Amino acid sequence: MPEHFIKQASSYAADIDGVAMLITVLVGFWFILAQGVFFWLLFRFRARGDGKAMYITGEKDEEMRWISIPHGLILVCDVFIIVAAIRVWTDVKLQIPEVDETVRITVQQWAWTFHHAGPDGQLDTADDIRLVDELHVQVGKTYKYELSSRDVLHNFSVPVFRLKQDAIPGRIIDGWFKPTLAGTFDIQCAEICGIGHGIMPAKIYVETPEQHAAWLANPVPTLATRP
Amino acid sequence: MAESTAHAHDEHAHGHHEEGWFQKYFWSTDHKMIGKQYLFTGLFLGVVGAYFAYVFRMQQAFPGKPVPGYGLVTGADYNALITSHGSIMIFWLAMPVLIAAFGNFLIPLMIGCDDMVFPRLNRLSYQIFLLSAIVLAASFFVQGGAFGGAWTSYPPLSAKEEYNLTPLGSSLWLLAVALEFVAFLLGGINFVTTVMNSRAPGMKAFDIPIVIWMIVIASILFMASVGPLIAGAVMLLFDQTIGTGFFDPARGGDPVLWQHLFWFFGHPEVYVVLLPALGIVAEIITTFSRKKLFAYRTVLYTSIATGVLSFFVWAHHQFVAGIDPRMANVFTVTTVLISVPIAEMCFVYIATLYGGQIRFTVPMLWALAFIGEFLIGGVTGIYLGASGTDIYFHDTYFVLAHFHYTFFPIAIIGTFAGLTYWYPKMFGTYMNEGWGKVHFWVTILSFNAVFLPLFVLGAAGDHRRIFDYTNFPELASPEMQAVRVFATLALVVMILVQPIFAVNFFYNMFRGKKAPANPWNANTLEWQAPSPPGHGNFHPLPEVYRGPYEYSVPGRDEDYWPQNSPK
Chain A
1 MPEHFIKQAS SYAADIDGVA MLITVLVGFW FILAQGVFFW LLFRFRARGD GKAMYITGEK
61 DEEMRWISIP HGLILVCDVF IIVAAIRVWT DVKLQIPEVD ETVRITVQQW AWTFHHAGPD
121 GQLDTADDIR LVDELHVQVG KTYKYELSSR DVLHNFSVPV FRLKQDAIPG RIIDGWFKPT
181 LAGTFDIQCA EICGIGHGIM PAKIYVETPE QHAAWLANPV PTLATRP
Chain B
1 MAESTAHAHD EHAHGHHEEG WFQKYFWSTD HKMIGKQYLF TGLFLGVVGA YFAYVFRMQQ
61 AFPGKPVPGY GLVTGADYNA LITSHGSIMI FWLAMPVLIA AFGNFLIPLM IGCDDMVFPR
121 LNRLSYQIFL LSAIVLAASF FVQGGAFGGA WTSYPPLSAK EEYNLTPLGS SLWLLAVALE
181 FVAFLLGGIN FVTTVMNSRA PGMKAFDIPI VIWMIVIASI LFMASVGPLI AGAVMLLFDQ
241 TIGTGFFDPA RGGDPVLWQH LFWFFGHPEV YVVLLPALGI VAEIITTFSR KKLFAYRTVL
301 YTSIATGVLS FFVWAHHQFV AGIDPRMANV FTVTTVLISV PIAEMCFVYI ATLYGGQIRF
361 TVPMLWALAF IGEFLIGGVT GIYLGASGTD IYFHDTYFVL AHFHYTFFPI AIIGTFAGLT
421 YWYPKMFGTY MNEGWGKVHF WVTILSFNAV FLPLFVLGAA GDHRRIFDYT NFPELASPEM
481 QAVRVFATLA LVVMILVQPI FAVNFFYNMF RGKKAPANPW NANTLEWQAP SPPGHGNFHP
541 LPEVYRGPYE YSVPGRDEDY WPQNSPK
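Listed in order, the protein sequences are those of chains A and B.
Positions 1 to 227 (our numbering) are the ones given, in order, by the first sequence.
Positions 1 to 567 (our numbering) are the ones given, in order, by the second sequence.
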């Protein structure tokens with residue numbers, strides 16, 4: 001469902017949107033049914049003249065069925081939703097697949113520092129690249145991120161990836177993503193972090209292998225020069 | 001039971017004959033006056049909260065432009081405004097109006113006694129509540145200004161002034177919230193004790209009107225959930241003021257602990273305000289469809305089940321907050337399952353309409369709107385309760401639209417429903433139906449025009465609490481900005497029609513057509529007392545012979561059958 005409004009740029013974006021679609025279908029059915037019955041009853045049983053209303057306690061079995069059968073069916077729908085949600089969650093948050101590279105993300109009031117592994121693909125070596133407010137990744141590679149905060153809570157959110165994770169001071173939180181679409185996208189902070197919360201945008205540059213190689217050869221900050 | 005009511009009655013009979021203006025309006029122990037104190041304080045603060053919403057929505061629609069009636073909105077202003085808007089609407093509008101105002105006004109009248117069992121405690125409860133509101137208001141005028149760390153007040157942002165830049169504002173906010181809790185604890189004790197002990201002779205458990213049950217269940221939920229948060233608030237206050245490190249990771253604390261304490265309270269709190277609103281709706285739809293409530297006991301058991309289940313869902317606010325991700329699986333199950341009792345409740349209400357003689361009076365329109373709108377809030381919650389999709393929707397405008405589709409029906413629609421329904425009882429006069437309908441339709445249509453677009457913005461990636469989207473190229477597109485402008489204009493329309501209600505409300509209080517005791521031909525006991533009820537409410541105190549929803553009973557000429565009518 002979100003794919004109608006925003007691109008899917010990671011390996012699990014479509015899965016998350018798929019669960020959203022499943023929910024839309026299942027819940028939408030009940031929603032339309034309930035609203036339909038509701039408005040029909042309002043129309044059908046509007047007061048007319050001196051008519052008298054029915055006396056229904058709703059305590060008899062044959063009356064309760066009108067509630068208990070939908071109730072049971074909703075429970076079945078819930079099970080489908082729960083299973084689908086947990087499967088995606090397990091994939092995105094509970095396990096980290098084989099990764100190609102690790103990127104260290106440190107966030108503070110009100111800026112991001114992205115610590116790239118550099119040409120050798122290894123962190124904490126001489127060729128590491130540290131940049132403020134811009135993250136460069138290669139399309140198709142799987143990245144592990146190590147997320148930490150210097151001060152308050154922040155949240156590393158890349159809407160096109162459908163990825164969101166709080167950063168907590170004193171802790172390093174691991175996660176992963178695999179970009180599937182080249183382009184330049186927004187990184188937002190999604191946890192209120194003080195008066196600069198609205199003005200700490202960062203960019204993720206998802207690059208083709210050639211672009212990425214070119215950037216690695218000359219890793220100057222591009223924020224000012226690229227659109 | 002009889003003993004305690006008789007005693008309370010004696011107290012009232014003496015010493016209240018020559019009360020002065022101050023005694024009557026500010027020092028009263030009469031439950032009706034205290035209810036009105038809560039009502040007017042809550043509504044006034046609601047107006048303040050709405051003004052804040054106007055200011056920050058204007059900033060959203062026209063970023064960087066001075067807002068008429070406010071001026072330029074800085075990032076600090078914006079945060080303070082959203083924080084105060086959220087805090088006020090929940091703690092200083094929904095709670096005082098739905099629980100305290102309606103609870104105080106209705107409980108003694110609907111269970112057929114003369115006052116609360118602890119009238120002085122009741123007075124104290126309001127006074128502490130008023131103090132809490134004054135403390136909150138004061139936070140705007142201290143050095144550094146009002147707290148701007150969102151109504152959830154997550155540390156470390158809320159714990160250290162070098163992070164939040166509001167050295168006094170954050171402590172005053174916390175103090176105000178803690179005082180407000182004390183007020184409602186006192187009120188809750190009073191409500192539960194009164195309903196347990198002071199019911200009219202003959203009123204058995206299943207003869208109690210649903211709204212009273214709901215207020216009692218809500219009070220119990222509140223009392224059971226607020227303890228951890230009060231403890232947390234004290235810890236946070238110590239972190240702020242004397243430098244302890246409960247939530248400071250550098251000194252062995254854990255900021256996520258606060259989130260658990262907050263949401264352990266915060267989620268039941270949703271049901272604390274939801275249940276009274278559902279109760280109000282139950283009273284109104286039965287009266288105006290002339291129907292018995294469908295499956296009274298199911299409604300009751302379902303609300304208790306919802307209340308119990310609501311204690312096991314809190315961490316759905318924290319799926320991506322750095323909790324052990326395996327926990328999300330547990331909380332997804334409990335959260336999605338809460339849809340079952342809530343759906344059941346909606347179905348029961350809809351089923352009640354079947355076979356009715358539905359009269360579309362103003363209170364009925366509000367009650368029906370509650371059902372229709374709350375359904376939207378309910379179904380959109382599933383996207384957020386399901387961990388997989390919450391990764392995306394968390395902290396976006398989708399969340400914001402979702403909970404406004406629950407809280408607006410609760411706090412605004414529920415309040416208008418209750419006020420228009422019980423107005424003749426509160427003030428002894430009628431409100432104008434025609435203007436009531438104008439106000440209803442414009443409010444409901446503009447409400448949807450405000451919040452339906454916000455679902456779209458959220459799905460498109462708008463994050464909450466960002467005061468200026470022009471920094472985000474993906475979000476600053478002209479199309480998305482047009483949607484923001486549309487939502488803001490709808491809000492302005494909604495605010496502009498509220499004076500219609502205010503005039504209708506206050507004008508008719510003094511000049512309105514006189515209302516009889518039972519203008520809606522309703523069954524419950526409050527309608528058997530005079531409008532407005534005097535001291536002691538009933539003379540003599542009523543006896544109860546049947547349940548509250550015996551409408552259209554076959555074989556009777558009248559389509560209603562008051563609870564206290566022997567035949």
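Careful, some of the hints might be misleading.
Claimed, not checked - Ranges of calculated distance between the beta carbons of each label pair, as one might list FRET restraints:
| hint | chain 1 | residue 1 | chain 2 | residue 2 | range |
| --- | --- | --- | --- | --- | --- |
| 1 | A | Leu123 | B | Ala449 | 45 to 53 Å |
| 2 | A | Phe80 | B | Ile230 | 37 to 45 Å |
| 3 | B | Leu452 | A | Asn218 | 44 to 52 Å |
| 4 | B | Val234 | A | Gly196 | 24 to 32 Å |
| 5 | B | Lys24 | A | Arg44 | 43 to 51 Å |
| 6 | B | Gly555 | A | Glu62 | 43 to 51 Å |
| 7 | B | Gly245 | A | Thr142 | 22 to 30 Å |
| 8 | B | Val553 | A | Arg44 | 33 to 41 Å |
To be verified - Cut-off 27 Å, straight-line C-alpha distance, at most; resulting in silico cross-link-like pairs (DSS-like, lysine-lysine):
| hint | chain 1 | residue 1 | chain 2 | residue 2 |
| --- | --- | --- | --- | --- |
| 9 | B | Lys65 | B | Lys160 |
| 10 | B | Lys513 | B | Lys36 |
| 11 | B | Lys24 | A | Lys60 |
| 12 | B | Lys567 | B | Lys36 |
| 13 | A | Lys52 | B | Lys36 |
| 14 | B | Lys567 | B | Lys513 |
| 15 | A | Lys52 | A | Lys178 |
| 16 | B | Lys513 | A | Lys60 |
| 17 | B | Lys36 | B | Lys514 |
| 18 | A | Lys141 | A | Lys178 |
| 19 | B | Lys24 | B | Lys513 |
| 20 | A | Lys52 | B | Lys24 |
Treat the hints as calculated values from the structure; they're not laboratory data.
Since we're looking at a predicted model, the values are computed, not measured.
Positions of the beta carbon are idealized from the N, C-alpha and C atoms, including for glycine.
Right, here's what the structure says about each hint:
1. A:Leu123 / B:Ala449: 45 to 53 Å: At 50 Å between Cβs, range holds.
2. A:Phe80 / B:Ile230: 37 to 45 Å: holds, 40 Å
3. B:Leu452 / A:Asn218: 44 to 52 Å: Given a distance of about 48 Å, which is inside 44 to 52 Å, the answer is holds.
4. B:Val234 / A:Gly196: 24 to 32 Å: 30 Å Cβ-Cβ, so the 24 to 32 Å window holds.
5. B:Lys24 / A:Arg44: 43 to 51 Å: The hinted range 43 to 51 Å holds for Lys24 of chain B and Arg44 of chain A, with Cβ atoms some 49 Å apart.
6. B:Gly555 / A:Glu62: 43 to 51 Å: violated, 22 Å
7. B:Gly245 / A:Thr142: 22 to 30 Å: Roughly 38 Å apart at Cβ, these two residues miss the hinted range, so it is violated.
8. B:Val553 / A:Arg44: 33 to 41 Å: Since the Cβ atoms of Val553 of chain B and Arg44 of chain A sit about 22 Å apart, the hinted range of 33 to 41 Å is violated.
9. B:Lys65 / B:Lys160: Answer violated: Lys65 of chain B to Lys160 of chain B is near 31 Å, above 27 Å.
10. B:Lys513 / B:Lys36: Satisfied, since the Cα-Cα distance of roughly 21 Å is no more than 27 Å.
11. B:Lys24 / A:Lys60: violated, 50 Å
12. B:Lys567 / B:Lys36: Not satisfied, since the Cα-Cα distance of roughly 34 Å exceeds 27 Å.
13. A:Lys52 / B:Lys36: violated, 36 Å
14. B:Lys567 / B:Lys513: violated, 31 Å
15. A:Lys52 / A:Lys178: Violated: Lys52 of chain A and Lys178 of chain A sit about 65 Å apart, past 27 Å.
16. B:Lys513 / A:Lys60: Status violated; Cα separation ~43 Å.
17. B:Lys36 / B:Lys514: The given pair, whose Cα atoms are some 19 Å apart, holds under the 27 Å limit.
18. A:Lys141 / A:Lys178: holds, 6 Å
19. B:Lys24 / B:Lys513: Satisfied, since the Cα-Cα distance of roughly 25 Å is no more than 27 Å.
20. A:Lys52 / B:Lys24: Judged against 27 Å, a Cα distance of about 44 Å means the pair is violated.
Against the hints set out earlier in the document, violations occur for numbers 6, 7, 8, 9, 11, 12, 13, 14, 15, 16, 20.
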